[in-house]
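Colleague: These are the residues of each chain, in order.
There are 2 protein chains.
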Amino acid sequence: MGNPTAAMIVIGDEILSGRTRDANMHHLACELTKVGIDLMEVRVVSDDQAAIVGAVRDLSDRYDSVFTSGGIGPTHDDITADCVAEAFGRSIDVRDDARDLLVAHWEARGVEVNEARLRMARIPAGARLIDNPVSIAPGFTIENVHVMAGVPAVFEAMVATVLPTLTGGTPLMSQNLRIERGEGEIAGPLAALAERYPDLSIGSYPYQRDGVYGANIVIRGTDGARVDAAMSELAGMFP
Amino acid sequence: MGNPTAAMIVIGDEILSGRTRDANMHHLACELTKVGIDLMEVRVVSDDQAAIVGAVRDLSDRYDSVFTSGGIGPTHDDITADCVAEAFGRSIDVRDDARDLLVAHWEARGVEVNEARLRMARIPAGARLIDNPVSIAPGFTIENVHVMAGVPAVFEAMVATVLPTLTGGTPLMSQNLRIERGEGEIAGPLAALAERYPDLSIGSYPYQRDGVYGANIVIRGTDGARVDAAMSELAGMFP
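Chains as they are written, first to last, in the numbering used here: chain A, 10 to 248; chain V, 10 to 248.
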């Protein structure tokens with residue numbers, strides 16, 4: 010369909026151990042769909058240098074944009090900024106603009122400026138800062154990689170800042186039909202419909218509620234008239 | 010730590026478009042942690058042959074076990090079984106044992122046996138079936154890859170069947186301390202503690218509630234006495 014493509018890297022042992030349930034993937038997926046950027050792949054990796062560097066290199070090569078979530082706080086397990094710098098062969102240090110933002114914020118609140126807190130001002134050379142209206146410590150963009158916080162409120166604010174700067178594609182039109190029959194009954198006619206409309210994506214999502222089997226059929230495409238036509242055919246098949 | 014390792018592949022356009030919020034990753038992460046298997050990486054990929062085959066080959070090479078979720082229903086977009094067969098160079102067809110299970114189930118309920126439904130009996134040569142007590146259509150294990158349904162109730166039942174057949178490691182002991190101070194204040198002493206206990210994993214998970222900043226510090230390790238000792242030190246630092 011020619012839309013811009015994206016990938017996401019969720020960073021954090023706490024997700025992989027089950028301690029925390031990730032919320033950022035679902036948020037980003039919804040936001041990208043709205044602006045016509047196709048999320049192609051998500052990887053969840055641990056707080057491990059080789060894993061993060063490898064994922065950043067691999068995905069930034071293959072997709073138009075990459076979004077990372079997590080690992081940019083002040084503690085010893087926050088290694089994302091250093092790993093992204095390494096992936097692109099950039100140097101990294103506490104940068105004046107980021108430090109000034111943070112120090113002004115802390116001094117206004119009587120918060121001590123210490124070495125650990127200043128880790129949050131470590132920014133790779135040549136990166137562009139991403140505003141953090143929630144807790145000030147910035148994210149950053151380097152090449153096609155947007156490095157953002159894991160705390161959902163901060164992640165969401167950063168996504169809202171970054172998305173308008175990207176070139177979107179044609180947003181998908183989507184229509185939904187709930188059919189109260191088992192997927193096995195729907196599948197044959199649905200496959201034939203999908204063959205007649207190769208330009209559309211036709212998905213079937215089964216459910217079971219109160220002992221009744223059914224499926225939500227979702228037809229997606231960039232051409233609204235084609236989506237309408239396929240949906241009319243589908244509704245005719247399962248009145 | 011020498012525990013067995015695992016990866017997960019979540020398959021489905023509906024997750025990447027944001028239409029559905031995945032629940033299976035969090036469930037599997039919790040279950041693996043309980044039995045001492047380390048979940049190292051999760052990939053979410055679309056209903057795309059090259060993406061699925063590539064992820065299965067890559068992850069089954071690198072980790073002891075791989076779990077997949079999604080794409081084994083009766084509709085045209087359910088291509089996981091065929092992709093896993095291809096990844097291992099196996100043939101795939103409707104297999105007698107799987108068909109017999111399904112046909113018996115359907116006949117008892119007056120459900121028509123049709124070609125689409127029989128797709129769910131397509132099993133790669135040499136695979137071992139995984140019981141599905143919820144809706145009968147089986148998953149399967151081939152080499153070190155466990156192929157399971159995306160519907161959470163079915164996925165969870167299949168995980169419960171598979172896990173006892175795997176060799177677990179030493180389950181992690183974990184202790185948690187909530188500290189009502191900003192992470193920036195905790196970070197320095199915490200890094201020093203992590204250096205004194207290199208055999209433990211010490212994570213800091215910040216939160217903000219009613220305007221109060223704090224962090225949950227989680228100390229994990231296989232030796233309960235060491236976890237106790239580190240937790241006592243931590244509690245002493247932040248009384």
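You may find that some hints are simply not true.
Any copy, or any two copies together, can satisfy a pair, since identical chains are not distinguished.
As the list claims (entries may be wrong) - When the alpha-carbon atoms are kept at most 25 Å apart in a straight line, the in silico SDA-like pairs for lysine to any residue are as follows: (1) Lys43 x Leu186; (2) Lys43 x Ala32; (3) Lys43 x Arg30; (4) Lys43 x Met240; (5) Lys43 x Ser55; (6) Lys43 x Pro248; (7) Lys43 x Pro198; (8) Lys43 x Ala60; (9) Lys43 x Arg131; (10) Lys43 x Pro142; (11) Lys43 x Asp105; (12) Lys43 x Phe247; (13) Lys43 x Gly27; (14) Lys43 x Trp115; (15) Lys43 x Glu116; (16) Lys43 x Asp73; (17) Lys43 x Tyr222; (18) Lys43 x Val62; (19) Lys43 x Thr14; (20) Lys43 x Arg108.
Keep in mind that the hints were calculated from the coordinates and are not lab data.
Colleague: Output the indices of the hints that this structure fails to meet, ascending.
Modeller: 6, 7, 9, 11, 12, 14, 15, 17, 18 and 20
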